[in-house]
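Participant: Sequence:
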Amino acid sequence: MSLLEKLPFGKRSQADDDAAAATAAPAKTSSGKGRPTPKRKDAQARNLHPIVPADRKAAKREARAKQDEAWERQRIAMQTGDERYLPPRDKGPIKRYIRDYIDARYSLGELFMPLTLVLLIVFVAFSSRQTLLSFYFMLAIYLFLFVSIADAVICWRLLRRRLYAKFGREKVQEQGHIFWYIFSRCFNLRRWRQPAPQVARRQYPE
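Quick note on UniProt numbering: the sequence shown kicks off at 1 and runs consecutively.
If you are wondering where the hints come from, they were derived from the structure by calculation, not from laboratory data.
Keep in mind it's a predicted model, so treat the numbers as computed, not measured.
Check each hint, because a few of them may be wrong.
Straight line, CA to CA, 27 Å or less: simulated DSSO-like cross-link-like pairs of lysine-lysine [as the list claims (entries may be wrong)]:
| hint | residue 1 | residue 2 |
| --- | --- | --- |
| 1 | Lys-166 | Lys-95 |
| 2 | Lys-95 | Lys-171 |
| 3 | Lys-91 | Lys-66 |
| 4 | Lys-171 | Lys-91 |
| 5 | Lys-166 | Lys-91 |
Can you make the complete structure from the sequences, with help from the hints?
Facilitator: Okay, here's the thing in structure tokens:
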């Protein structure tokens, strides 16, 4: 037996070793998380949300309801002139000024469609009887078309001058080609115009 084994502090008993091991084990457990560390792909999977809704029919009904509500707001705005819900083509003070100016004047173009319909009926009724009279009817239709186009061009030039004076050339040019916007409204019947007229005849905007 060695000298160290003879000394009282040189040899550790089996009981002392078991007590030390029992003390170290709880300390190691308490310092950890108490549960296994999750894998990265499992953690990412928990953070992902499904793109496709669980109830597709309910989601489809909700989208349809929102779309119908938006269409209804736009339909009402086309009648009342509410700028918040008008389509982009008709939004803005410049477009509002254009509509008010055209709606305040009498345009020959708004009479073109009904007058053309009447002349065509007369043309069909007399085409088989008098060729010369039918020619005059067709000539009248073309002449009225050219005069209506000339009236729309005059309206465009006068209105463009007013817009430049009120809003500035740059802002007006940012709207794009306003000629077709003016032209199409001049050739439409007043009661069929959209957005609906908000001013009376000869009630020109300032």
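Participant: Are the hints correct? Go through all of them and say.
Facilitator: Structure-based check of all given hints:
{"no.": "1", "hint": "Lys-166 with Lys-95", "result": "holds (13 Å)"}
{"no.": "2", "hint": "Lys-95 with Lys-171", "result": "holds (11 Å)"}
{"no.": "3", "hint": "Lys-91 with Lys-66", "result": "holds (21 Å)"}
{"no.": "4", "hint": "Lys-171 with Lys-91", "result": "holds (14 Å)"}
{"no.": "5", "hint": "Lys-166 with Lys-91", "result": "holds (17 Å)"}
The structure agrees with every numbered hint stated previously.
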